[in-house]
Amino acid sequence: MQFSCSKLDLNPSPQIVNEAAKFRFRSSGNFNVGKLTIRCPSMAVGHGGHYHSQSPEGFFMGAAGLKLVIPRSPIQAKGLLLSSIRDPNPVIFMEPKVLYRSSVEQVPMDDYELPLGKAETLIRGNDLTIVSWGTPIYHCETALKMLSHPSPSLAPLVPQSLRSANIELIDLRTIMPWDVEAIVESVNRTGRLIVVHEAGRTGGAGAEIGAEIQKRCFLKLNAPVRLVTGWE
1 MQFSCSKLDL NPSPQIVNEA AKFRFRSSGN FNVGKLTIRC PSMAVGHGGH YHSQSPEGFF
61 MGAAGLKLVI PRSPIQAKGL LLSSIRDPNP VIFMEPKVLY RSSVEQVPMD DYELPLGKAE
121 TLIRGNDLTI VSWGTPIYHC ETALKMLSHP SPSLAPLVPQ SLRSANIELI DLRTIMPWDV
181 EAIVESVNRT GRLIVVHEAG RTGGAGAEIG AEIQKRCFLK LNAPVRLVTG WE
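Read left to right, the sequence shown gives residues 1 to 232 (full-length UniProt numbering).
None of these hints come from the bench; they were simulated from the model.
Yeah, the Cβ is synthetic: ideal placement off N, Cα and C, and Gly gets one too.
Do not rely on the hints blindly, as some may be mistaken.
[Claimed, not checked] Quick list of in silico lysine-lysine cross-link-like pairs, DSBU-like style, CA-CA up to 35 Å:
(1) 35 <-> 22
(2) 220 <-> 118
(3) 78 <-> 35
(4) 145 <-> 118
[Stated by the list, open to error] Ranges of calculated distance between the beta carbons of each label pair, as one might list FRET restraints:
(5) 153 <-> 14: 32 to 38 Å
(6) 29 <-> 123: 35 to 41 Å
(7) 163 <-> 35: 46 to 52 Å
(8) 216 <-> 120: 33 to 39 Å
(9) 149 <-> 13: 42 to 48 Å
(10) 149 <-> 220: 51 to 57 Å
(11) 109 <-> 165: 35 to 41 Å
(12) 143 <-> 74: 18 to 24 Å
(13) 151 <-> 102: 19 to 25 Å
(14) 226 <-> 109: 40 to 46 Å
Just need the whole structure built from these sequences, with the hints factored in.
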């Protein structure tokens with residue numbers, strides 16, 4: 001199933017949240033709603049205003065029984081989509097619209113899957129952990145490059161300690177269930193965490209991730225967990 005844009009997500013939400021998400025459990029595992037996967041173009045696209053630029057992952061994250069996936073690239077999208085279709089639970093597969101025409105890769109023709117619930121570490125580091133997903137992953141990569149090699153106009157604002165910082169970047173990929181173990185392991189090493197997402201701060205997925213990591217890694221944290229989010 002596919003919605004034309006994220007503004008439609010909330011119209012059938014009773015059927016998704018109250019019926020599809022719970023059907024497998026109400027039937028004691030006898031029925032799985034046909035391994036339902038709902039493709040949902042979402043996130044900001046640069047135009048479309050308040051209808052076509054929403055990021056509702058926080059809303060669906062709280063719906064028990066749903067899995068929530070957000071890919072960042074074509075190769076990732078194929079592997080995660082095949083895994084979603086073959087998963088017995090209903091999956092919301094959110095596709096960042098702006099990446100349709102900007103993220104280019106040579107996608108293998110072979111059948112392959114990427115596991116749900118497993119994050120991917122893109123850059124290894126020991127000083128700070130950054131967790132993100134979807135389009136903001138590219139913004140994080142750009143920011144890290146600007147920190148390590150600032151332009152002449154930016155150089156006076158970037159101290160040497162930031163230029164030499166060893167920062168770890170993790171793509172969460174699956175927002176629900178998210179890879180708690182991978183993030184805990186990383187934060188226990190780095191002692192710091194920043195969660196970056198496009199949705200607003202209040203009720204966002206970053207708040208849930210930050211709260212869980214604050215609880216599990218409390219004695220290892222050198223600073224409070226920080227959120228970098230879209231406008232409220």
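Taking the hints in turn, this is what the structure says about them:
no.	hint	result
1	35 <-> 22	holds, 13 Å
2	220 <-> 118	holds, 23 Å
3	78 <-> 35	holds, 17 Å
4	145 <-> 118	holds, 25 Å
5	153 <-> 14: 32 to 38 Å	violated, 52 Å
6	29 <-> 123: 35 to 41 Å	holds, 40 Å
7	163 <-> 35: 46 to 52 Å	holds, 48 Å
8	216 <-> 120: 33 to 39 Å	violated, 20 Å
9	149 <-> 13: 42 to 48 Å	holds, 45 Å
10	149 <-> 220: 51 to 57 Å	violated, 30 Å
11	109 <-> 165: 35 to 41 Å	holds, 40 Å
12	143 <-> 74: 18 to 24 Å	holds, 23 Å
13	151 <-> 102: 19 to 25 Å	holds, 22 Å
14	226 <-> 109: 40 to 46 Å	holds, 42 Å
Hints 5, 8, 10 from the earlier list are contradicted by this structure; the remaining hints agree with it.
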